[in-house]
Amino acid sequence: MSSKDRILARIRRAASGPADTEIPRDYLRVHGARTPAERADLLAAHLTEYRAKVHRTDEDGLPLLLARLLTGSRTVLAPPGLPPYWLSAADATRVHDRAASTPAELDAVDSVVTGCALAIAETGTIVLDGSPDQGRRRITLIPDHHICVVRVPEQVVDSVPEALERLDPTRPLTWISGPSATSDIELDRVEGVHGPRTLEIVLLDTDAQWGPCLPMSP
Amino acid sequence: MTAVHLGMPAFPASPAFPAFPDAAREAVRDDVLRANLRHATHTIRDKRARAVGELADWDRLRAAGKAVKDHTLAHLDRYLLMLEASVTAAGGTVHWAADADEANRIVTDLVLATGEREVVKVKSMATQEIGLNEALEAAGIAAYETDLAELIVQLGHDRPSHILVPAIHRNRAEIREIFTREMGSWGRPAPADLDDSPAALAEAARLHLREKFLRAKVAVSGANFMVAETGTMVVLESEGNGRMCLTLPETLISVVGIEKVVPTFRDLEVFLQTLPRSSTAERMNPYTTMWTGPGPSKGADGDGPSAFHLVLLDNGRTDTLADATGRQALRCIRCSACLNVCPVYERAGGHAYGSVYPGPIGAILSPQLRGTGSPIDATLPYASTLCGACYEVCPVAIDIPEVLLHLRERVAQGGPVTRRGIRVRLRPAHGHTAERAAMRAARRLLDHPGALRAGERLLARARRLAPRGLPGPGRAWTDTRALPAIPAESFRDWWARERGSTRERGTSPRGRGTPR
Ligand code: SF4
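For the protein sequence lines, the chains are A and B, in the order given. Going by this note's numbering, the final residue of the first sequence carries number 229, and the count climbs one at a time with no gaps. Going by this note's numbering, the final residue of the second sequence carries number 568, and the count climbs one at a time with no gaps.
Don't take every hint at face value.
Taking lysine to aspartate or glutamate and the DMTMM-like style, the derived pairs with C-alpha atoms no more than 25 Å apart in a straight line are [claimed, not checked]:
#	chain 1	residue 1	chain 2	residue 2
1	B	K264	A	D69
2	A	K64	B	E106
3	A	K15	B	D129
4	B	K264	B	D245
Everything labelled a hint here was simulated from the structure, so no lab data went into it.
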């Protein structure tokens, strides 16, 4: 008898329990009603609380903002599907991610700029799914500085249930809520143990009706 | 059914582990340990209460989490087969391991087949439970723990003492000393001028481990959840070491208990809300990685491992499933909230539980997974004041006190149990006369809900005080284990005074408040 058969047989002998109950789904889908602007504000507040740096701009202001955030970076890695104009004003040498790039090569890159699949306001989370504007998992992991652009309002959802239903489970999913952190030593929080030490989120206003947004932080 | 001698427990308690009261007595004398633990548990528990309070629907999420897990356990065969099919369809390979030895053998063979002699590891309770590191070492394979706390434990030749923060019994000076002394023999040494600030220590760990991440070809992980319908594996973490291990190596081997399966991708919406808040008191943990097989889109372009192996681990779980009362322990999502509110854990420390599962959940899980044959496993069901705090915080509503009483009864009086899939009758444990008396005392309390409620409230209030026994009807029940002391007023006086105002408001035999 294989272990699989043995385990399944044990389960079948063991699992004679009470009749099945329905799974109650009466928990909230969203915690509170928000306008798109409030949703973006909440996202920004929660990300800031987890020590991500949050910036706001519109399509016209994006290249200059990214150029400013990349000041001091000699190299910037961009996934293949990143809109070219995003980095049009940046001085940093653009490095392309190739399948053959080794972890050691990535380790030498200063910054990485990506888009995202969506962001969750209630938890302060961005989710990457490996789409062409986000690239491979490793590029947002090894360099020490990650800038992630979130299109507002369309990429911002309120809650975890709303996020899951928009995501494709067959894609590689990476959920990021603030920079890498540990509290293992006397519960003192330290950022940047292994993942990027600095996480910067750019909320990119794509809705002209919103009018100009003021930058969140200098 | 006749009594039979039980075979070796599935993951035996080391003979070195003394019975819980003895181990606890030692820990209670260790002032540094107790101070570290108190600071840690109180900090986390206060933060947690705030994080949970933010969700108006916490009770409903908790009920849903409980129901998802119960439903899955009731159809575990179906969901495991579904999971196997989805993981296989996504390009992964599924292995089934009935016990620790088999799981260790499978992992060792998989690693050897790659030609590699070292692996990086993501913190995982399941691999600690089966003693995987030791098994790999015996086969000439070095296993490197990459979670900072696990690294501290491993370098210190130590054992973890908490589910979430395994090195919480160590302070910064001790950690500095361990890093300085040990890192050099494992790889990149600690900087010569290492100071003991958490930032400097974390940086030393970063440098030490990065060298390993960048060259590792094989990683071993556990998983927080496995989705049957899609074959998606989920790992929650904070530091990024998990992402490193799950992304960079070519081969990924995940060892996961069979109870970690959930039916649908949607079910994650419950646990991704309850686990981080209940565990680290955050709205969301910094990193969550989900992957579905190695998949052509991942393996081919070098994004993520090109080979994925899932080892499904039984190791006493089906025996636990066979116990209608005890099986609820399999709902556990390892958030560690129950540890942080437990007055016994706070004083005894994690090591006293003689298992990788400390605290209240350890007190009900270890004796079920391993059987109650060893002194430590026979006494673990008594490692509790039954104050009910663990039940109230548990995000999947495991009634830990109920299972504790059930296990006490089993230890004291014997009865039917399932070991390695075979139903046997357990004899009353020798040398547990005290426990039998304790059971009787517990019974008496249970028959008098008012007394229990009063006693519990008293204990809850007395949690900050030094341990002593419970007077009155509870004495026999508590005199062999550490208990919080109670105020000068005697139990009986207090009860008499309180009685008038606390006349039964309900008929529940245990009278714990409903969870908030
Ligand atoms: S028993 Fe409940 S509270 Fe304790 S670790 Fe498991 S899920 Fe968390």
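Outcome of the hint check:
Note on K264 (chain B) and D69 (chain A): the hinted pairing is violated, with a Cα-Cα distance of about 41 Å set against a maximum of 25 Å. For the given pair, K64 (chain A) sits about 23 Å from E106 (chain B) by alpha-carbon distance, which is consistent with the 25 Å threshold. Note on K15 (chain A) and D129 (chain B): the hinted pairing holds, with a Cα-Cα distance of about 10 Å set against a maximum of 25 Å. Distance check on the hinted pair: K264 (chain B) and D245 (chain B) sit about 22 Å apart at the alpha-carbon level, within 25 Å; holds.
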